[in-house]
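The listed protein sequences correspond, in order, to chains L and H. Be aware that the first sequence starts at 0, since it is given in numbering that gives the first Met the number 0, and climbs by one per residue. Be aware that the second sequence starts at 0, since it is given in numbering that gives the first Met the number 0, and climbs by one per residue.
If you are wondering where the hints come from, they were derived from the structure by calculation, not from laboratory data.
Heads up, simulated SDA-like pairs for lysine to any residue below, C-alpha to C-alpha not over 25 Å straight-line:
(1) L:Lys243 with L:Gly103
(2) L:Lys286 with L:Trp239
(3) H:Lys140 with L:Leu382
(4) H:Lys57 with L:Ile444
(5) L:Lys387 with H:Ile124
(6) H:Lys57 with L:Ser456
(7) H:Lys57 with L:Gly182
(8) L:Lys243 with L:Ala257
(9) H:Lys140 with L:Gly223
(10) L:Lys293 with L:Phe275
(11) H:Lys57 with L:Gln189
(12) H:Lys140 with L:Ile385
(13) H:Lys57 with H:Val35
(14) H:Lys140 with L:Pro386
(15) L:Lys246 with L:Asn102
(16) H:Lys57 with L:Thr187
(17) H:Lys57 with L:Thr193
(18) L:Lys381 with L:Gly393
(19) L:Lys387 with H:Gly104
(20) L:Lys381 with H:Leu146
(21) L:Lys387 with H:Leu105
(22) H:Lys140 with L:Gly393
(23) L:Lys101 with L:Gly241
(24) L:Lys387 with H:Ala148
(25) H:Lys57 with L:Gly457
(26) L:Lys246 with L:Pro374
(27) H:Lys57 with L:Ile183
(28) L:Lys387 with H:Leu128
(29) L:Lys387 with H:Ala155
(30) L:Lys381 with H:Arg141
(31) H:Lys57 with L:Ala200
(32) H:Lys140 with L:Leu221
(33) H:Lys57 with L:Gly458
(34) L:Lys381 with H:Tyr142
Here's the letter readout for the chains.
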Amino acid sequence: MDNLNALLEGFASILTPGNLLIALIGVTVGTAVGVLPGLGPAMTIALLLPITYGMEPTQAFIMFAGIFYGGMYGGSTTSILLNTPGQASSAVTVLEGFKMAKNGRAGQALATAAIGSFVAGTIATLALVFVTPATVAFAISLGAPDYLAIMLLAFVATASVLGSSRIRGFTSLLVGLVIGVVGIDAVTGQQRLTYGVPQLADGLDIVVVTVGLFAVCEALWLAGRARGGRDELFPVGRVWMGRKDWKRSLGPWMRGTAIGFPFGAIPAGGADFTTFLSYITERRVSKHKDEFGKGAIEGVAGPEAANNASAAGALVPMLALGLPVNATAAIMLAAFQSYGIQPGPLLFERESALVWTLIASLFIGNLLLLVLNLPLIPIWVKLLRIPKPYLFAGILFFASMGAYAVNAQPFDLFVLLVFGLVGLAMRRFGIPVLPLIVGVILGPIAERQARMSLQLSGGDLSGLVGGPVSWAIYGILAVILAWPLVMLARRRLSRHRETVDA
Amino acid sequence: MTRAESTEQRQDGRAARTPRDRAQYWVCAFLALLGVLVIVDASQIPAFTASNDPIGPKPVPIILGALCIVLAAFYALDVARGGRGEAEGGEAADPDAGFDWRTIGLLCAVFIANALVIDWLGWVIAGSLLFYGSALILGSKRYVLALAAAVALSLATFYGFAIGMGVGLPAGVLQGIL
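Start from the sequences and build out the full structure, keeping to the hints where you can.
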């Protein structure tokens, strides 16, 4: 009951004309940027984060929630109409959504995506209201060694599950961890890897790193490859669904939500995994199996719901443990940090009003999105027609503005460019970006937890392992790390048996 | 991670035929170098022991540096065995596809120019130049329109964000005029 009261208080603090206006601006700007080809939700948030810097934290997070949902919604519009998924999590939407658009059913695809996102977002945010405090209650009992174990699990999980190559995942992670070391050591005040550059003393700003890796890299990558050929853009028609579409969408929405929320909350499950799972499920249970691959509405409704639900699910570990499990949550975490707020079990105690306002604004943002944007889709679609030179120039423009605004120093613009080029190289070599970002954000925290554990044990290494929780986590860790070896051994064994049999 | 271009029909069976992607050795070299740099830097941190921090700032970077070097070796082994990266979206990284380095280089130049002059000329002028320059490099032929868009965008962001929302953008030489 306490939670509901706190949530109602959160609503009460939003429902002022000024705050509603901020939410509205957030949703609108988020959609506008998210709808641009190539810009997914994570990039949208990273790009728009700096515009909230001049605000009070409460207002900033209200706007943030709007940007969050607006960006996701904009991304699905792009996938359906343009066959360019904003990020991996919308890649599945393209499969059926773009086919539907080709068949002249773009309006229905957009409608089921929008309404499904709303339904899933609302249910998942409700689930968040109840699950997060329970997670916090559990997390509060954990000590420094347990946290260290959780962080190590997050490192290994993001590096080894996402993407196909563990080596490349760990490469990304290690580079991120090294970047996290740069700056003044929090405990002793000694400089590490700063090479006497004063601007490096505070470390590299995660917002600048992310904007560089996502936005600048994206603009450069597209600029380097975009040659000739305009993208095909299909007319939208009326955004509307008939009875049959409603009937066919309802099940997928619910199943998508059920799949998305829990899997979204697990480190390294990630939204792309949940959307894919939802797609496969829908294809299996559908009565219209023959339509899959030709534009089945279930294939849009399910994954889009799963996408939104998993985004809300990802907020559970982010708020309760300070653990980002996907790129969007990582940037949200960076946003908290830029206000000097550290997500984690103490967050609900210290910044209770702020957290509940954020959760309440998730509901509001979701609703505003549905009410305002569904009729406005034809206008958003016009943004898809912005010629590429202006689009990329605009991305570079806004990225520079944001990066400069973080610390008001031109040095960050060079950092931004360097990371844009690093991102370019990573993409060229197929190295995933998320482990790097997780490394930059969590690396320093993990080091602090490790050193705190050792402080408590007086330097004895046994202090690094705590209670049953950390043992359990190290067990999981061992399984993840040993898994490829087990598979290898089994393959060898079966091959050996074949030769013996023969 | 985004896929700019649609998942084109060039994935079928090419993994089997393509030659080893040797450029990846640069990544291994970079990783090994990074490891060495981190270890060297850490070893130069003056010894510092405090009762409240038994291990000090050294061990973590040294461990990371060592891991970098070990990983670089594994990476090189993987490349030698024909391993190649695969993007998150499932699309194979395609080293053969031509890449327009000239455009990238010019964009970087404009970007650096912006960083150099932003404090002096201010956001409105520097930002306009950034947008205008990038648009022209990327092939915009409508010179007047692009310039108008650049100036409008800079002025709008300056008034909207810097003055309206308190975001820290510099006025530069136009201080007092804007």
